[in-house]
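Just so you know, we're using full-length UniProt numbering here: the sequence shown kicks off at 1 and counts up by one.
Hint data in this document are derived by calculation from the structure and do not stem from the laboratory.
Treat the hints loosely; a few may be bogus.
Below 20 Å or equal to it, Euclidean Cα-Cα: the simulated SDA-like pairs (lysine to any residue) are [what the hints assert, rightly or not]:
1. Lys708 with Arg687
2. Lys225 with Glu271
3. Lys154 with Glu164
4. Lys165 with Asp92
5. Lys5 with Lys390
6. Lys418 with Gln1035
7. Lys958 with Arg1024
8. Lys718 with Thr775
9. Lys960 with Ser1001
10. Lys5 with Lys30
11. Lys390 with Asn247
12. Lys225 with Pro258
13. Lys5 with Asn69
14. Lys394 with Gly956
15. Lys346 with Ala377
16. Lys656 with Leu719
17. Lys30 with Tyr57
Pairwise CB distance ranges (calculated) [what the hints assert, rightly or not]:
18. His898 with Leu170: 36 to 44 Å
19. Leu170 with Asn333: 47 to 55 Å
20. Asn103 with Asp28: 13 to 21 Å
21. Ser693 with Asn171: 57 to 65 Å
Just so it is clear, the structure is predicted and the values come from calculations on it, not from any experiment.
Even for Gly, the Cβ is constructed at its ideal location relative to N, Cα and C.
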Amino acid sequence: MRIIKPVWLTHGGERKDFEVYSCDVSPDGKRLVTAAGDGYVRIWSTEAIYNAGDPAYDDKPKQLASMSNHSGTIHTVRFSPNGKYLASGADDKIVCVYTQEANATAHATFGSNEPAPVENWRTIRRLIGHDNDIQDLGWSYDSSILVSVGLDSKVVVWSGHTFEKLKTLLNHQSHVKGITFDPANKYFATASDDRTVRIFRFNSPLPNSTAHDQTHNFVHEKTVKSPFVNSPLTTYFRRCSWSPDGNHIAAANAVNGPVNAVAIINRGSWESDINLIGHEAPVEVCAFAPRLYSTQPIQKPMVDSHGNSVHNPVTVIACAGGDKSLSIWITSNPRPIVIAQDISVKAISDLAWSPDGNNLFATALDGAIIAVRFETAELGHPMPIEENEKSLSKFGTNRRGAGMVESTDGLLLEEKSKAGELRGVKGRMGALMGDGQADTDSAVGGDADAAVAVTSAPKNAQADKSSKAGTTNGTEPAQAKQDPYAAKLDRLKQRPTYTKDGKKRIAPLLVSGAVGSQSSLPQTKLVAASMNTQGTSEGPQSVLDLSKPFDGLPKGGLAALIFGNRRKFSQLEDDEENSAEKRVATARDNGVIPILSNTSDGLVPAVPTPGGPQETPSFIRPAVVNPCMAISQLRLAVPKIRSHILQGIDNLGNPKDVSDSSKARVDTVFEARNPSPASLTGRTSDREPVRISLNRGDQPLWQDYLPKAVLLVTGNKKLWAAASEDGSIYIWTPAGRRLINALVLESQAVVLECMESWVLCITAVGMCYVWNVGTLSSPHPPVSLQPVLDAALHTMTGHATPVPSIVASRISSEGRIIVGLSTGDGYSYSPSLYTWQRLSEPWWAVASQYWNSTEAPVGNVQVRGQAEGESAAPVSAGIVPFLERNTTQEVLGRGRGHFLQRLIKVLLSREGYEGFEASASIAHLENRVAATLSLAAKEEFRMYLSMYAKRLGAEGAKLKAEELLEDILGGVFEDQVIEDDKAKQNRKPGQPEQRSWVNESETLCGWPRRTLLKDVILAFGKHRDLQRVTVPYAQLLGILDESQDDNDTMDV
């Protein structure tokens, strides 16, 4: 070991050298950067440092550049792993980001004594997000994010591409003084004066991701407390380090009883059972060497005949702190292999290894900058860098190289793919700053790993399309209303503010935050966002509210009725019109149990008399159990008979709740008044008929009567329907004409919904009926809910067990039955497959990285569509988002997924399940694509397909990517041409196109195959390991010859 300390390697001052707080080595090993109290960031040549004693290097440049862009002491500097950027943080609360320019300036800064720079490093960003000194910085290993920590207890996450603030984490309770990243790119750890090390899980964001896309990213995973319970609070830093094999975290400033120590935290369990002791003062900085070492000389091949590694890799760690000593440890030795005492006058502040692991740099508060060079095999034999990748592969990491461009077409395709991302970023920045000329593209479907932007077509084209647009995902286009908040939003965009120096500025308004509907809570506490129902919605058309009290009693209940009559009884002496007697007589005639009796002696307390026929209570009718109910394996709760049932619609035909506060917004009200149980002739069955009426405002439109009590009503602008207690369904036209004879079912209806001309009825025995009132037909025979309610599982027990309940049901405009359960599962019945399909389930709510990834983008598209006057239905009216919101509400919102979340959390840290999260995310996207294709959800299909293609590209799934391209093009099924012709001949007139990848049309789910293929190719284009597959398709479509301004392509 050789210690090098050149005289010129310092931040010199007039009287003494300034304290040096931080250092780092560039990824190529050619530059050393230091930061000190003089406010300068200085970049040195490592070659000049290594050869400081050689006269041949005296004339070569030593200091390559110096930057002074901070107004105070600089505490930390870090190179990005890709070598493109350099970041520095100081006590002026600002993070500066630098990049190297090709042309170097020939002169020094005016008024300074600095030598002329050899390299030109320019400040490109000044990041403002902290309220106090910044103590440390850290880059993720793929350079996708930059994290800063400081004395304000904040952990701020910045995008490594746009340097937009993605998230602020406020988990710490005191100063945060250290940050380190997992080399597998799964976690980062922060160390704080609250005597904890906190582990955060993250997924690398895409280049055009925003803060809204990362709402559920950067989740707190674990808090480690035990090694730091009595740690001193006097240290300036708590710089920790992650081992290159990803197995351990070295945390500084730990204690082992009364002794200062370095805690080694194990990955997965996050427990510390190893401590490095020996330093006499608190350890402030730890640094693992970036390479793995072998105790034996490297032999090739590296594995034996059984595939086992010949070498046992070990890691090397350097520790230093307040005792001015440097210790170097190796995992195969219980004692340090190197101890260098008093290498500086004051405490050592930072350590940095060279990429080859043969050199170590240290900085101290006395201004010293020290280089330590190790002899060959002194620490061990460095293993090839590929061994690092192998050791990280068990954690599911996929740090593939950039690859080589195989042709100019591949490079051109990559540029076009990145141009689409850049357009999305520019459009979003314009929206943030209130730029009226900014691109109107809005992010659609972004999250931790995916963000897809929908490009709006020109308004003229939209106007032409709006008149011809059909239904989208079973929803009829509705006329968009003028947004009442548009004027207010414009005023907010132009709101002026004044800075401290009196300058006027326009405060930027985060437009996506104003209209997005995504929750800011963590995913584990997420409650589903409510839908905006401005446009046509496929939500439940009627709501049976059983939480309200039965309205047979006054508002105050029985107590109010008793006290009210007592007050009237006391006023009988002054009652000249005998109103009290009339009221009591009327109540008695209507079958209400009287409180007082009207006798010849006046009003006296009533005495119950059992004379006359007694009516059978309604809650035990009918006396004879229906045979179909007796043998049915399913029993659903029958709604209680209510005296007054209302159903309203607005002027667009959307269902509306009829209440005192919403009457002004209701255009038409359908009303069913059930009679009282009192008999008119003395027989129990002779009661008043049910009065059915339709009113528009205060004007009645038509009226009808039914013989039996009504349980449920529903309706829209095309029909009205009512279900009676005898299992009959009555249907009227909007004008009140009975369209069809009463439909008689085997039991009472428990669910009655409608959408356009379709009516859905679910009976008490779990049978689902679907009718098309327009054609007076049904798309399929009645189907049972038995498979959906897990009857196959529950019938295996020897006794009756409870089953899930139905919490949401609806019908699409194509007659598809949609059911949501209390377990969080969502189902749809497929008439072509004659079976139920599960479209949503709790498994993906806790395992997929894309769960709830459409909430905010859906809100953006919906509000944007209303602002532009579009008539097409918003994406949020889709069935898949509806079912996933129900899953979120039932599983995450109500806490039913607690144990499932614990299971997933344990699996993610176990060996053998490294690719579990990625596999579950891809499976979730595949489920979304299949569901939207089956449901003909046009807009959602393209959005989910783009998200799926982006993820396949990021994972490098070559086989799936190639098959997807062939499916869209139709090449996989070339040998089934004869079968396609047969299907075309057997297809009935007016039958919708097949919901599959193979059909005879040139469109897929309403989109031209060329358009979808173009989206997928551009999503794959920037991934060089897939360019051999994608370039032929790009040449086939002529994408490489087109201009980049193409409005038919979804930005990726």
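- Query: Straight-line Cα separation of Lys708 and Arg687 no greater than 20 Å?
  - Reply: holds (9 Å)
- Straight-line Cα separation of Lys418 and Gln1035 no greater than 20 Å? holds (18 Å)
- Message: Hint check: Lys5 vs Lys390, CA-CA at most 20 Å. Holds or violated?
- Response: Judged against 20 Å, a Cα distance of about 37 Å means the pair is violated.
- Message: Between the alpha carbons of Lys960 and Ser1001, is the straight-line distance 20 Å or under?
- Response: Between Lys960 and Ser1001 the Cα gap is close to 23 Å, so the pair fails against 20 Å, i.e. violated.
- Query: Is it true that the CA of Lys346 sits at most 20 Å from the CA of Ala377?
  - Reply: violated (31 Å)
- Message: Lys154 and Glu164 were given as a pair; does the straight-line alpha-carbon distance stay at or below 20 Å?
- Response: Judged against 20 Å, a Cα distance of about 16 Å means the pair holds.
- Task: Decide if the proposed pair is consistent with the structure: Lys718 and Thr775, CA atoms, cutoff 20 Å inclusive.
- Result: Roughly 13 Å separates the two Cα atoms, so the pair holds.
- Does the Cβ-Cβ separation between His898 and Leu170 fall within 36 to 44 Å? violated (24 Å)
- Query: If you draw a straight line from the CA of Lys5 to the CA of Lys30, is it 20 Å or shorter?
  - Reply: Answer holds: Lys5 to Lys30 is near 17 Å, not above 20 Å.
- Query: Given the hint that Lys5 pairs with Asn69, does the C-alpha gap stay at or below 20 Å?
  - Reply: It is violated: about 27 Å lies between the C-alpha atoms, which goes past 20 Å.
- Message: Just to be sure I understand the hint, the distance between the Cβ atoms of Ser693 and Asn171 should be within 57 to 65 Å; is that true here?
- Response: holds (59 Å)
- Message: Can you confirm whether the C-alpha distance between Lys30 and Tyr57 stays at or below 20 Å?
- Response: Distance ~15 Å between Lys30 and Tyr57 Cα, so the pair holds.
In this structure, the earlier hints numbered 5, 9, 13, 15, 18, 19 are contradicted, and the remaining ones agree with it.
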